[in-house]
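Trainee: Chains as they are written, first to last, in this note's numbering: chain A, 1 to 322; chain B, 1 to 322; chain C, 1 to 337; chain D, 1 to 337.
Hints in this document: simulated from the structure, not taken from any laboratory. Quick reminder that beta carbons are idealized off the backbone N, C-alpha and C, glycines included. Just so you know, not all the hints are guaranteed correct.
Which residues of chain B face chain D? A partial, calculated answer using Cβ under 10 angstroms [claimed, not checked]:
1. T89
2. A94
3. A126
4. A130
5. N158
6. H189
7. V320
In case you want the letters, here they are:
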Amino acid sequence: MQLSRADLLKAYRTMKMIREFEERLHIEFAAGEVPGFVHLYAGEEAVATGVCMHLDDRDKITSTHRGHGHCLAKGCDVDGMMAEIFGKTNGLCAGKGGSMHIADLSKGMLGANGIVGGGPPLACGAALAAKKLGTGGVAVSFVGDGGANQGTTLESLNLAAIWSLPCIFVIENNGYAESTSCKYAGACHDFADRASGFNMPGVTVDGHDFFAVHEVTGEAVRRARMGNGPTLIECKVNRYYGHFEGDAQTYRARDEVKTIRETRDCIANFEKKATSSGMLAASELQETSREVLAQIDDAVAKAKAAARPGAADLLTHVYVSY
Amino acid sequence: MQLSRADLLKAYRTMKMIREFEERLHIEFAAGEVPGFVHLYAGEEAVATGVCMHLDDRDKITSTHRGHGHCLAKGCDVDGMMAEIFGKTNGLCAGKGGSMHIADLSKGMLGANGIVGGGPPLACGAALAAKKLGTGGVAVSFVGDGGANQGTTLESLNLAAIWSLPCIFVIENNGYAESTSCKYAGACHDFADRASGFNMPGVTVDGHDFFAVHEVTGEAVRRARMGNGPTLIECKVNRYYGHFEGDAQTYRARDEVKTIRETRDCIANFEKKATSSGMLAASELQETSREVLAQIDDAVAKAKAAARPGAADLLTHVYVSY
Amino acid sequence: MSRQISLQQAVNEALAQEMERDKTVIVMGEDVAGGSGTQGEMDAWGGPLGITKGLWSKFGDRVMDTPISESAFVGAAVGAAVSGLRPVVELMFVDFMGVCFDQILNQAAKFRYMFGGKAVTPLVVRTMYGAGLRAAAQHSQCLYPMFTHVPGLKCVVPSTPYDAKGLLIQAIRDNDPVIFFEHKLLYSIRGEVPEEPYTIPFGEANFVREGSDATIVALGRMVHLASDAAQALAQEGIDCEVIDLRTTSPLDEDSVLESVEKTGRLVVVDEASPRCNIATDIAALAGQKAFASLKAPMAMVTAPHTPVPFSDVLEDQYIPDAKRVAAAVRDTMRYKA
Amino acid sequence: MSRQISLQQAVNEALAQEMERDKTVIVMGEDVAGGSGTQGEMDAWGGPLGITKGLWSKFGDRVMDTPISESAFVGAAVGAAVSGLRPVVELMFVDFMGVCFDQILNQAAKFRYMFGGKAVTPLVVRTMYGAGLRAAAQHSQCLYPMFTHVPGLKCVVPSTPYDAKGLLIQAIRDNDPVIFFEHKLLYSIRGEVPEEPYTIPFGEANFVREGSDATIVALGRMVHLASDAAQALAQEGIDCEVIDLRTTSPLDEDSVLESVEKTGRLVVVDEASPRCNIATDIAALAGQKAFASLKAPMAMVTAPHTPVPFSDVLEDQYIPDAKRVAAAVRDTMRYKA
Ligand SMILES: Cc1ncc(C[n+]2csc(CCOP(=O)(O)OP(=O)(O)O)c2C)c(N)n1
Ligand SMILES: Cc1ncc(C[n+]2csc(CCOP(=O)(O)OP(=O)(O)O)c2C)c(N)n1
Ligand SMILES: [Mg+2]
Ligand SMILES: [Mg+2]
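All chains should be modelled from the sequences, with the hints used to inform the complete structure.
Mentor: Structure (structure tokens):
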């Protein structure tokens with residue numbers, strides 16, 4: 001699929017938004033402003049962005065504990081997300097979910113998920129609904145390399161294949177599940193190798209490369225929309241921060257992240273490609289960056305100023321009717 | 001591995017024992033003598049027999065709801081099994097388990113299992129114990145084609161591979177999970193195709209052919225004992241009776257079983273091969289058959305005559321100490 | 001006389017009528033049709049006991065056989081429920097919850113709350129429970145106490161064909177995730193059931209029998225034992241009130257409390273194993289909110305703290321029976337402070 | 001003065017001492033060492049909160065990191081337990097039970113019974129539970145009522161470093177499957193703990209405080225709230241007995257009943273959600289077996305019937321606190337028949 005200037009600018013804005021969102025949370029967390037467990041997506045922006053560029057409001061995604069990038073790429077409101085992460089009443093989940101449970105069903109974002117492997121079955125269901133209701137929608141399930149070994153994920157590959165569901169499994173292989181290497185935990189060379197055992201195409205791409213991710217996803221989404229069933233896409237990528245904020249990361253090689261940041265950063269690479277090809281001007285990128293930063297500043301300020309939930313909120317939202 | 005005359009006779013006795021055990025239960029069930037759910041293994045004898053011939057008391061197996069054949073092949077006592085199936089106090093499980101839970105840990109038989117996919121994780125553990133304790137033992141997990149799609153099974157493939165466990169997964173593909181075709185439920189051509197996605201050898205064999213099963217299992221057991229990790233073996237086979245006794249089997253093609261019985265029966269084929277090669281005499285086979293039948297008659301008579309558990313047995317065996 | 005059908009037929013009819021009424025209702029589970037991919041007949045099974053048989057013939061691919069991958073297909077039902085369908089998914093035996101519980105416990109049950117009230121998850125999980133089929137430890141459990149424990153779930157345990165139909169239709173129309181427990185031994189019981197669709201609201205217990213001496217609270221199959229016991233006791237001049245909870249979550253606290261306040265005596269009959277079960281739940285409720293009315297210790301008639309045994313002798317002893325219920329009531333009556 | 005260590009250290013020490021003593025004890029779970037297969041340090045994590053850190057350095061490959069495949073590795077621990085090892089497997093958060101419960105519910109718990117007494121399953125499942133870390137609905141549950149409900153399992157919920165060490169050593173030496181619940185907020189509390197190994201028998205509650213006016217039964221982190229409440233009440237002249245259950249299965253019924261018989265008043269404090277939980281279980285026990293002694297309704301202080309909220313304001317309200325416990329006791333004292 002040819003990317004227009006507008007597409008590229010949108011992609012850039014999304015990647016930059018995710019990056020700055022996470023960089024800012026990293027600082028706010030260290031300052032003790034953010035409660036709970038926070039898993040940052042910095043470094044993996046090209047994946048969520050490249051995938052979600054193909055999706056519209058008919059389409060659904062399921063996410064993981066590391067969900068901020070997926071949310072932003074799927075169109076969740078930045079202010080609402082920030083407020084949620086700060087536990088405020090105007091958060092996307094009224095302060096009841098927090099970082100690990102941000103959702104916006106109206107945007108087709110079925111929720112970050114605190115359960116590794118929680119998402120893939122749900123994505124099968126969203127895809128089934130699209131199929132039965134004839135919406136033309138697809139479902140995408142983001143799963144980590146750790147989550148790729150969870151039985152729920154493996155079962156879902158099978159289910160999606162036998163029902164020929166419009167479902168795409170995106171394995172975000174960032175090399176680690178917490179402090180454990182994907183090579184130790186996963187018996188396979190590439191996770192994409194597992195696809196053939198479930199009768200679906202599997203492809204491995206460089207998750208630092210927005211263009212590569214965008215291309216293979218385009219193919220998979222077309223396949224799905226045409227009724228030709230699921231695809232497994234493995235994106236090899238890196239996370240820039242610890243498993244969660246507070247992780248000392250002694251299991252990583254010295255300078256591992258530094259080297260990647262310097263040589264393979266998805267945003268820097270995108271900037272280079274987009275400007276050198278003449279598609280986007282450096283000034284446009286700078287302008288976008290400025291806007292993004294301002295938006296994040298604003299979101300954080302609003303989130304900090306926002307009201308906390310009140311006692312009465314504890315008991316609401318358990319049931320629609322009880 | 002070269003099969004001696006004694007081996008062949010033993011194999012024959014085992015297959016025949018399983019067959020007659022099941023044929024007899026089929027009759028007893030119809031007569032209302034056997035309580036509960038009974039899943040017969042008739043037709044699949046070559047699998048349990050060909051596999052378990054390689055195993056000794058160090059080795060463990062996990063089984064399924066269709067477990068009689070595995071039990072017999074692993075050396076469980078015929079009388080004890082029959083009594084258990086009749087719910088008697090002298091049964092292998094004191095009448096508390098029944099057909100779906102026959103076990104004899106002293107024989108390395110870790111239990112039939114009422115949960116589809118319950119066995120493979122247990123087999124990983126048995127293999128892990130063998131490895132840690134240096135017993136030289138291996139573990140074999142029997143799984144149906146239906147069970148092959150259960151997440152617990154798929155996870156176990158991965159775990160066994162990354163830990164290089166002496167564990168063998170035998171998928172008994174009899175074409176059906178209850179009334180559902182393995183082709184509908186499993187997204188793969190052969191289940192053995194899934195092995196490579198879990199970094200282990202996978203092989204499909206004709207499960208009606210004792211010699212074929214015996215050969216590939218020999219290879220897998222050697223591999224496992226040498227510390228070279230797991231193998232997945234898919235045996236294509238057929239069941240002669242319904243999913244459970246009482247199943248009208250209208251989902252099967254007319255004469256499906258009849259044709260198989262007539263043309264591909266594992267015992268008839270074995271008889272032909274063994275006698276035509278001159279390894280065994282027809283009279284030996286007949287003699288063995290007679291002995292088997294007598295033993296089963298005897299087991300049934302004893303089981304029927306045996307005492308039922310008494311009220312006091314209800315509360316025992318919940319804990320070792322409580 | 002009005003129409004009598006079995007509980008099994010009532011369940012089937014409720015499903016058929018709701019599928020007819022609402023195109024977004026789908027049914028899925030292992031062998032719910034049966035015959036998928038085979039060379040023989042389709043719609044060959046309707047589950048191992050034939051409960052859903054015929055639905056595929058009426059509704060085609062809105063009735064979907066599944067692989068034996070409970071996490072994937074129960075989870076798919078959850079995902080479909082938040083995406084515009086109203087799935088009725090069958091977990092064949094509730095004993096199998098252990099391979100898919102996460103999708104119920106952490107996904108379906110919690111979406112609405114975690115997402116700040118923005119999710120609606122109109123899911124029904126139908127499942128078989130209970131002992132009596134000589135099906136042993138892994139196919140005979142009740143387990144509804146575990147589901148009742150989970151905020152966000154509704155739990156329905158019908159005792160009659162009439163209730164099964166009305167409660168199942170309510171469950172399908174309900175916008176919260178509902179776990180619907182069907183006792184294997186109740187499928188064949190027959191009772192009066194109107195042909196037209198109707199609903200029975202959740203959280204409204206049924207007074208099966210009015211009485212003034214003692215309250216027997218029961219659910220599911222135990223309601224019948226309670227009634228039998230009450231009938232036997234009536235001949236001895238002991239007048240029992242029998243309350244069928246119908247749903248354990250929501251719980252009709254008021255009906256239980258009212259009755260206990262009237263009779264002053266409480267016996268709870270629960271087929272589940274005894275720790276942290278519905279019996280303790282109801283007893284604790286009375287001990288907390290109807291204490292002043294209590295004239296005698298609460299009694300609980302439950303299964304013992306053991307797995308379900310295979311042997312018929314043992315299983316018959318395992319399951320509560322009307323005699324034990326009656327004995328518990330008599331003890332309660334005999335109690336002198 | 002004798003040695004004071006944290007509960008976290010007590011758990012680590014118990015594991016190390018038992019691994020030292022018995023070569024068949026192994027530890028497995030996600031990141032229980034940490035660093036497996038990486039280019040950086042091994043033994044980098046010890047679980048997300050560092051509880052098992054250092055064990056790999058001492059015991060090498062008897063401490064095994066696992067993939068995120070709880071069914072497979074918890075099941076492997078079960079299989080290893082019936083094959084000669086004594087595995088201590090970590091289910092990181094008890095909330096994750098939903099992806100592996102079958103191996104506990106239907107395998108480990110039932111082997112002995114189903115197999116007629118022939119199986120021995122010396123398994124320990126260590127797991128974190130409880131709210132307070134702002135970890136929201138899927139990482140903050142208690143869920144021990146579900147495990148307590150299951151015949152064949154033993155459930156341990158320690159409240160102090162001393163108990164944690166002694167009960168964990170007992171759990172490892174015990175020949176039945178034991179689920180060992182560690183509250184995240186208790187890891188840092190310190191207390192006196194002997195260096196040498198010792199065991200605390202299961203089924204023996206601890207009288208944390210003796211008193212004559214009211215009995216407060218609690219477990220895990222709630223024991224500390226109960227003690228705080230008792231101390232506050234003492235100043236008002238209300239003399240509470242505080243009982244720490246230590247194990248919910250087996251349950252020390254006698255201690256609870258004795259105390260209630262003495263005080264006539266019962267308050268149960270349970271962090272779990274309120275339906276079919278330990279609070280109802282204990283209240284029902286008293287209502288059944290100590291009825292004559294009861295002077296007032298039993299009170300239960302529990303979480304509300306909602307998922308655990310993320311917001312600190314809401315979570316603080318969600319978790320029972322000493323004030324609510326004290327208020328419940330006061331209500332009980334004020335009660336007039
Ligand atoms: C079922 C379950 N098991 C374990 C965990 C704890 N946990 C949270 S994130 C995580 C690692 C996930 O690794 P991966 O899937 O690779 O995602 P990444 O963090 O690398 O994005 C683990 C083990 C969990 N949340 N759920
Ligand atoms: C977890 C679980 N799901 C469903 C069932 C019900 N069930 C019992 S056997 C069976 C079919 C198994 O098929 P397969 O694995 O192919 O074994 P086969 O019966 O053909 O030997 C099903 C669905 C079960 N026992 N456990
Ligand atoms: Mg990862
Ligand atoms: Mg099969």
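Trainee: Which constraints among the numbered hints does this structure fail? Numbers only, ascending.
Mentor: 6
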